[in-house]
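Per this note's numbering, residue 1 is the first one in the sequence shown, and the count goes up by one each step.
One should not assume that every hint holds.
Claimed, not checked - In the BS3-like style, the derived pairs of lysine-lysine whose C-alpha atoms are separated by at most 25 Å in a straight line are:
| no. | residue 1 | residue 2 |
| --- | --- | --- |
| 1 | Lys419 | Lys508 |
| 2 | Lys417 | Lys506 |
| 3 | Lys550 | Lys563 |
| 4 | Lys406 | Lys157 |
| 5 | Lys417 | Lys489 |
| 6 | Lys482 | Lys508 |
| 7 | Lys563 | Lys637 |
| 8 | Lys563 | Lys482 |
| 9 | Lys622 | Lys637 |
Just so you know, these hints were derived from the structure itself, not from any lab.
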Amino acid sequence: DLSECEAYLRELNHLIQSMEVLHRTYSAPSIQALQTTSFDSTKKEKRLQRKWCHKNYNKDVKTTLQVPSCISSGFIRLHASNPNLSTAALGNGKPDLESLDSHFHEAKLQEDFCRVSTNLHTTMKSVLSSLTSERERLKQCLDHNSFPPTSPQVHLKNSLSAALAQNSELRERLSKIHAESHIIEPTIISLTAPVQKQDSADDSHPLIHQISNESRASIAESFCEFFDAQEVLLSACSSENEVSDDSYISDISDNVSMDNFSNDTEEEGVVSCRRRSCLPSPSPNSNTFSLWNILRKNIGKDLSKVTMPVHLNEPLNTLQRLCEELEYSELLDRAANTENPFDRMIYIATFVVSGYASSFYRTGGKPFNPVLGETYECDRPDRGFRFIAEQVSHHPPISACHAESKNFVFRQDLRCKNKFWGKSMEIVPVCTTHVTVPRFGDHYEWNKVTSCIHNILSGQRWIEHYGEITIQTSSSDVCQCKVTFIKAKCWNSNLNEVEGTITDSKGKVVHRLFGKWHEALFCGDPSSATCIWRANSMPVNYEQYYGFTKFAIELNELDPSLKVLLPPTDTRLRVDQRLLEEGDLEAADEQKQRIEELQRDRRRILEENNTSHQPKFFRMSKEGDWVSNHTYWELRKDPGFAHVDFPTLW
């Protein structure tokens, strides 16, 4: 044992020091003893001399008192050279010489022992030092090998290894893409073989993307959009409230699936048109603007009649925000190409979560409130769908939309209730979203979660979504899904987390989902999960352009060839929104006030005539939902909207 060895060495060191003291004591001449011997020898000289001459000694005594021959001659010489010394002095000096000889011998042994002990001590000390250092090295090695799998170092090492492996896979896939000029889409998705095969390549990239996104500092910035107007903040019936909700539900979709979808369209021969990648003008600086000043000046007034400054808005409309939920519609295409109903539900649930992603980035403002009768179309042959939306009610505000493709039908009518808490505001959607997959006859429907904007009056605004979404198939009870948006806690740094389970008709869990609504969604156990979706990367300098995604930048683009086909009620033709997009805030603010006043005039006329507004492209169903009447695209084609009467909205 090293501790015992160390103790023994300390003891030996102490002993050696004591022996060295003893050695110095015996080896030094005793002056007092020499003086005493010299003094006593003079007094006893005669008496000892007589005893020496007359006493008879036997052989034993003579043998005992005999002086060694090697010393006697020396003493004879000493006696000859010192005539004052008596014979008695010689006799008395024999034992003293023998004692001195013994002392010299003992001193020699002690000296040797000290030397050997010192060497031993030095050697043992060196051994102890070597063993101690070796023990520390072994201990560090053992500690390193025995780190738990959750150790930060091991976790970092594993993450780095995984990232390198995924990067390698991505590099290999990109090389293959470059060689083949397109990616072959995995048409069938199953969590067993197909999904994992598909995601082994695509997911590697999502994993890397998720790591980079986790460094983002806040979620909150996205929610500024919801409180552009006082109506939005305090009036539950205003159209601005409606806008807010939709803005939360924008996009978080799957880049992987988007790539594959675009490849499909290319394979089908669809030529994608070139679209803009940047807005005409950056967002204005609104740091000096105070929302509280507006609220303070209008205390006691009907906020629905108060015109809000245009610089609180972003150059998009609530109807366009509804379309923004379809940014990753290829998830629905994948669902339509998946035979297994449980795997199909994975893509439906992922599509639902992806609708909230874009709200993470929105820092510029809230969408414009659509006026009653306003419409918006989005025909995207490159994505395989076409979309139509209309503001069907103003009090309460209701925005209805309908999208269709060969793989799915998507519809919803959005209505919201707002709760103002002073420092924050909750937007509670009261609506149901529907998706139909004609190939399998599936009809999915789900609710939306609550969205909350924090620090709406001062400080850094941020948004969170919380609550539970239940996805059901009204056509069968084979499976259902529950997705929980976890509410942030002050002691928990993990924000924006979602968890979900897909169960069979008996309630048995078949698949588990987890991730973050602004980054990515995974399926399976955390240790071996497959990435189903990840959010697209943001455009360069997106912070300077209202935090828009690439898809959002395209929504308000007005091509001359498209302009002649649009109805005069289309959002792209709205003057105040177009002026804001171009950076002319003063003119935009004037036009916004004029358009809002026109809407009040139309409403007053309807009330005077005791009539109500009749939506042009949507109707009320027996269940109380607003559904498409399927006339928009027919009228667009023949006779064209130029031959149809529309109210003057702006």
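Hints violated by the structure (listed by number, smallest first): Violated hints (numbers, rising): 1, 2, 4, 8, 9; every other hint is consistent with the structure.
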